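Novice: Keeping their order, the protein sequence lines are chains A and B. One point on numbering: in my numbering, the residue at position 227 of the first sequence is 227, and numbering is uninterrupted. One point on numbering: in my numbering, the residue at position 252 of the second sequence is 252, and numbering is uninterrupted.
Hint data in this document are derived by calculation from the structure and do not stem from the laboratory. Keep in mind that this is a model prediction, so the values were computed, not measured. Just so you know, even glycine gets a beta-carbon here, dropped at the ideal spot from N, CA and C. Mixed in with the good hints there might be a few duds.
[Said to hold, decoys possible] Straight-line Cα separation of at most 30 Å, DSBU-like style, residue types lysine-lysine; simulated pairs: (1) B:Lys355 with B:Lys181; (2) A:Lys76 with B:Lys257; (3) B:Lys266 with A:Lys226; (4) A:Lys76 with B:Lys269.
[Said to hold, decoys possible] Where chain A lies over chain B, by a calculated footprint (3+ residues, C-beta under 8 Å): (5) 44–54; (6) 72–80; (7) 108–118.
[To be verified] Derived, one-sided and incomplete: chain B residues facing chain A with beta-carbon distance under 8 Å: (8) Ser60; (9) Ser235; (10) Ser236; (11) Gln310; (12) Gly367; (13) Gln371.
One-letter residues, chain by chain:
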Amino acid sequence: MGRAVGIVGVGQTHHGKRMEISYPDLVREAVVRVFEDTGLSPRDIDGVVSGTMPSMMEGIALTHFYFADAMQAVGKPILKTETCGSTGVSIAHTAYYWISSGMADCVLAVGHEKMNEGDAQATMTTVVEPFYQRFFIAGAPGVFSMQSQMWAERYGIPQEKIREAAAHISVEHHEAAFANPYAHMKIHVTMDDVKNARLITYPVRLLDVCPTSDGACAVIFMSEEKAKQLGRPVAWVKGVGYRGEEYFFGDSDKGVWQSAVGAAKQAYDQAGIKNPRKELDVAEVYNPFTFQEMLFYECFGFCDLGQSPDLVLKGVFDRTGELPCDPSGGTLCTNPIGATGLVRVAEAALQVMGRAGDHQIAGAKLALSHAMGGVDQFNGVMIVGSEL
Amino acid sequence: MGDRVAIVSVAQSPGAESKDNFYDQAYRAARECLDKAGLGREDVDTVVSASSDIFHGGISCANAYYWDTTGAFLKNASRQDGESLFAFMYAVMRIMTGQYETALVISLCKGSENPPNDACTLMFADPFYQRDVGLTETVAAALQMNLYMERYGVTREQCAAVAAKNLGNALKNPYAHRKGKYTVSDILRSPTLADPLTELQAAPKSEGMLAMLLAGEAKARKLTDKPVWFKGYGSSLDTYTLGDRDLLRGELTRAAKRAYDMAGIKNPKEGIDVAEICEPYAFQELLWSEDLGFCGAGEGGKFLESGATQIGGSLPINPSGGVLANNPYVSRGLQRLIEATLQLRGEAGEHQVPKSVKTALAHGTHGFAGQCHAVAIIGR
Numbered sequence: 001m002g003r004a005v006g007i008v009g010v011g012q013t014h015h016g017k018r019m020e021i022s023y024p025d026l027v028r029e030a031v032v033r034v035f036e037d038t039g040l041s042p043r044d045i046d047g048v049v050s051g052t053m054p055s056m057m058e059g060i061a062l063t064h065f066y067f068a069d070a071m072q073a074v075g076k077p078i079l080k081t082e083t084c085g086s087t088g089v090s091i092a093h094t095a096y097y098w099i100s101s102g103m104a105d106c107v108l109a110v111g112h113e114k115m116n117e118g119d120a121q122a123t124m125t126t127v128v129e130p131f132y133q134r135f136f137i138a139g140a141p142g143v144f145s146m147q148s149q150m151w152a153e154r155y156g157i158p159q160e161k162i163r164e165a166a167a168h169i170s171v172e173h174h175e176a177a178f179a180n181p182y183a184h185m186k187i188h189v190t191m192d193d194v195k196n197a198r199l200i201t202y203p204v205r206l207l208d209v210c211p212t213s214d215g216a217c218a219v220i221f222m223s224e225e226k227a228k229q230l231g232r233p234v235a236w237v238k239g240v241g242y243r244g245e246e247y248f249f250g251d252s253d254k255g256v257w258q259s260a261v262g263a264a265k266q267a268y269d270q271a272g273i274k275n276p277r278k279e280l281d282v283a284e285v286y287n288p289f290t291f292q293e294m295l296f297y298e299c300f301g302f303c304d305l306g307q308s309p310d311l312v313l314k315g316v317f318d319r320t321g322e323l324p325c326d327p328s329g330g331t332l333c334t335n336p337i338g339a340t341g342l343v344r345v346a347e348a349a350l351q352v353m354g355r356a357g358d359h360q361i362a363g364a365k366l367a368l369s370h371a372m373g374g375v376d377q378f379n380g381v382m383i384v385g386s387e388l
Numbered sequence: 001m002g003d004r005v006a007i008v009s010v011a012q013s014p015g016a017e018s019k020d021n022f023y024d025q026a027y028r029a030a031r032e033c034l035d036k037a038g039l040g041r042e043d044v045d046t047v048v049s050a051s052s053d054i055f056h057g058g059i060s061c062a063n064a065y066y067w068d069t070t071g072a073f074l075k076n077a078s079r080q081d082g083e084s085l086f087a088f089m090y091a092v093m094r095i096m097t098g099q100y101e102t103a104l105v106i107s108l109c110k111g112s113e114n115p116p117n118d119a120c121t122l123m124f125a126d127p128f129y130q131r132d133v134g135l136t137e138t139v140a141a142a143l144q145m146n147l148y149m150e151r152y153g154v155t156r157e158q159c160a161a162v163a164a165k166n167l168g169n170a171l172k173n174p175y176a177h178r179k180g181k182y183t184v185s186d187i188l189r190s191p192t193l194a195d196p197l198t199e200l201q202a203a204p205k206s207e208g209m210l211a212m213l214l215a216g217e218a219k220a221r222k223l224t225d226k227p228v229w230f231k232g233y234g235s236s237l238d239t240y241t242l243g244d245r246d247l248l249r250g251e252l253t254r255a256a257k258r259a260y261d262m263a264g265i266k267n268p269k270e271g272i273d274v275a276e277i278c279e280p281y282a283f284q285e286l287l288w289s290e291d292l293g294f295c296g297a298g299e300g301g302k303f304l305e306s307g308a309t310q311i312g313g314s315l316p317i318n319p320s321g322g323v324l325a326n327n328p329y330v331s332r333g334l335q336r337l338i339e340a341t342l343q344l345r346g347e348a349g350e351h352q353v354p355k356s357v358k359t360a361l362a363h364g365t366h367g368f369a370g371q372c373h374a375v376a377i378i379g380r
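Make the full structure from the sequences, and use the hints.
Specialist: Here is the structure:
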């Protein structure tokens with residue numbers, strides 16, 4: 001329903017520790033690249049969607065003011081979408097609905113983060129309220145470790161097995177990142193390196209965790225009519241899903257994660273996908289933590305509940321496997337949070353456009369992208385395909 | 001464009017400090033709005049909220065905090081930052097795609113739990129050049145006001161008369177936070193904030209939990225006998241650095257033109273029956289009136305003196321008392337739209353304008369000297 005919408009081009013910064021560049025110039029780097037990629041100019045843009053993490057992490061509030069010029073948004077209609085960690089995919093959703101509604105033909109979506117100038121874990125500690133949760137949910141790893149343990153306990157998965165499978169994911173993604181020119185962490189790691197890395201919050205170790213990245217991503221969405229006029233590969237938006245759940249961590253079941261299940265289901269229904277593992281060619285799952293990535297595989301219907309570690313160890317989700325997940329190296333290797341979800345969308349789009357370069361999955365036609373946020377609370381999915 | 005979109009019901013909290021906690025206050029607005037439409041939470045297809053972390057009592061990711069309270073549990077919902085008219089527009093878009101029949105728009109700001117407004121707006125200033133010199137929304141507005149008076153000969157008295165009018169109108173609005181019968185001289189003699197601005201010419205810090213239910217045409221006709229239709233919308237963002245801008249030729253003209261074009265309005269002075277304008281600083285009502293095409297450049301003062309903008313005038317502006325009476329920062333745009341809705345439905349009570357209202361305009365602005373503007377037009 002609504003008008004068809006396609007992604008016509010993407011621009012990413014070289015993500016990493018970018019202390020040589022200011023925050024506005026980081027944003028500009030991504031925006032300039034999307035215009036170079038598409039051959040479009042700011043004059044072609046009907047509206048801009050901007051988003052990032054909370055002001056405490058940015059060091060400046062209401063960032064659309066500060067980045068108006070860098071985003072080429074001066075004189076443009078603007079929307080500012082923020083949903084914590086899932087911001088990136090929510091920005092993409094906003095651009096999609098804007099065009100699908102008929103209110104615009106060409107929308108620029110921009111997500112950004114300069115994490116090395118802020119304090120991500122301190123900020124995330126303030127996402128939880130000061131009365132009940134803040135004292136024990138410090139930063140992100142605590143929440144996600146508890147979730148992983150809940151899940152392993154639920155399905156009786158031995159600790160050794162989830163450890164082995166999580167290490168496999170870490171090794172695979174860190175290798176994959178070498179083929180992605182924009183990825184942050186490019187290090188060779190072995191299974192032993194992961195298993196012996198410094199403990200962060202049991203069972204999560206340092207190499208199970210994403211880095212602190214600076215980066216921005218810009219994506220241009222267009223209506224069907226306009227996109228076709230460009231005469232270049234288009235990644236068509238096939239399905240959009242989003243769900244959010246309770247704020248208080250103890251109120252919801254994180255083992256069978258309803259927001260993840262529901263977001264994927266809405267997107268699959270719209271895209272007409274019945275068997276995601278068979279029908280999807282590649283997935284860009286938001287995976288800041290290796291253990292949590294397995295939970296997503298199950299919630300997204302890539303396999304049965306409790307089965308993901310076995311399939312991971314069989315290589316089903318490797319780049320050479322049946323459903324390659326995060327061939328870009330994923331969030332595990334690159335995490336400029338406000339941009340990360342949009343990077344997932346951009347990477348999925350590049351795959352179905354056949355423009356992913358060295359990390360291209362051959363023949364990819366249908367791809368899932370995803371982001372997660374809040375107090376383990378929000379999940380958003382966008383599915384893109386090479387055919388309308 | 002797709003389906004027509006209507007406003008079905010609205011609810012708002014009073015602006016004064018409330019003893020209710022955030023959740024109760026937000027829940028009450030959402031509940032009241034749905035009750036008025038005869039709907040339950042499960043009948044709402046999507047929720048779009050508006051909030052800003054900088055105006056959210058020191059808790060980051062505001063939408064995580066209030067998600068359950070706004071009825072968004074396990075729904076496809078989203079959030080806009082900074083300006084609540086953004087949330088309105090995003091909800092309208094979602095309905096226009098045909099994928100959602102109903103949408104709840106909620107704006108949340110509990111002013112009493114926030115530091116002073118300008119402690120927050122100081123954080124709009126970049127930390128390298130502007131923050132250390134203390135650039136805030138009030139300081140930026142004072143610069144803008146000086147320029148306005150100098151370029152057009154608008155007087156301090158004309159600017160203060162806006163506050164006298166609006167705080168007087170607010171006496172008739174049960175939700176208004178600040179209200180009173182003030183003379184121009186009272187307004188001018190209140191303590192100076194940043195010269196030439198005095199305290200009564202600047203908006204207070206208020207509570208604002210607001211809710212609005214939207215529906216596509218078919219659904220709206222089932223839910224209400226008095227649908228108020230979405231007619232047009234426009235927004236625009238100005239360049240960041242204050243010194244790079246002509247503070248009297250901002251982006252409101254462009255935002256308004258977009259809204260008028262969509263609504264098919266050629267002559268706003270004729271086409272708009274009542275306007276709710278976001279005037280956190282009194283003189284801005286005059287300046288924005290010019291940008292909105294209600295009068296010529298520099299004529300805002302004379303326009304006010306003509307009596308046109310009084311409740312009983314030919315083009316009443318801020319019969320509710322406006323933002324000078326009620327300033328829940330993020331929520332103020334949606335509050336203007338709710339007030340415009342009440343005027344169209346003839347439900348504004350004592351501050352209902354006496355003329356026939358067919359088309360109304362709501363305006364929101366945020367940022368230094370109006371860096372960002374949004375304009376919505378609705379009608380019967």
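Novice: Against this structure, judge whether each hint is valid.
Specialist: The hints, checked one at a time:
1. B:Lys355 with B:Lys181: holds (24 Å)
2. A:Lys76 with B:Lys257: holds (12 Å)
3. B:Lys266 with A:Lys226: holds (29 Å)
4. A:Lys76 with B:Lys269: holds (25 Å)
5. 44–54: holds (count 3)
6. 72–80: Three-residue rule met by the segment 72–80 of chain B, so holds; n is 9.
7. 108–118: violated (count 0)
8. Ser60: holds (4 Å)
9. Ser235: For serine 235 (chain B), the interface hint holds, since the closest Cβ of chain A sits about 5 Å away, which is under 8 Å.
10. Ser236: At 6 Å from the nearest chain A Cβ, serine 236 (chain B) passes the 8 Å test, so the hint holds.
11. Gln310: The hint is violated - glutamine 310 (chain B) has no Cβ within 8 Å of chain A, the shortest such distance being about 33 Å.
12. Gly367: holds (5 Å)
13. Gln371: holds (5 Å)
Of the numbered hints given earlier, the model fails hints 7 and 11; all others are met.
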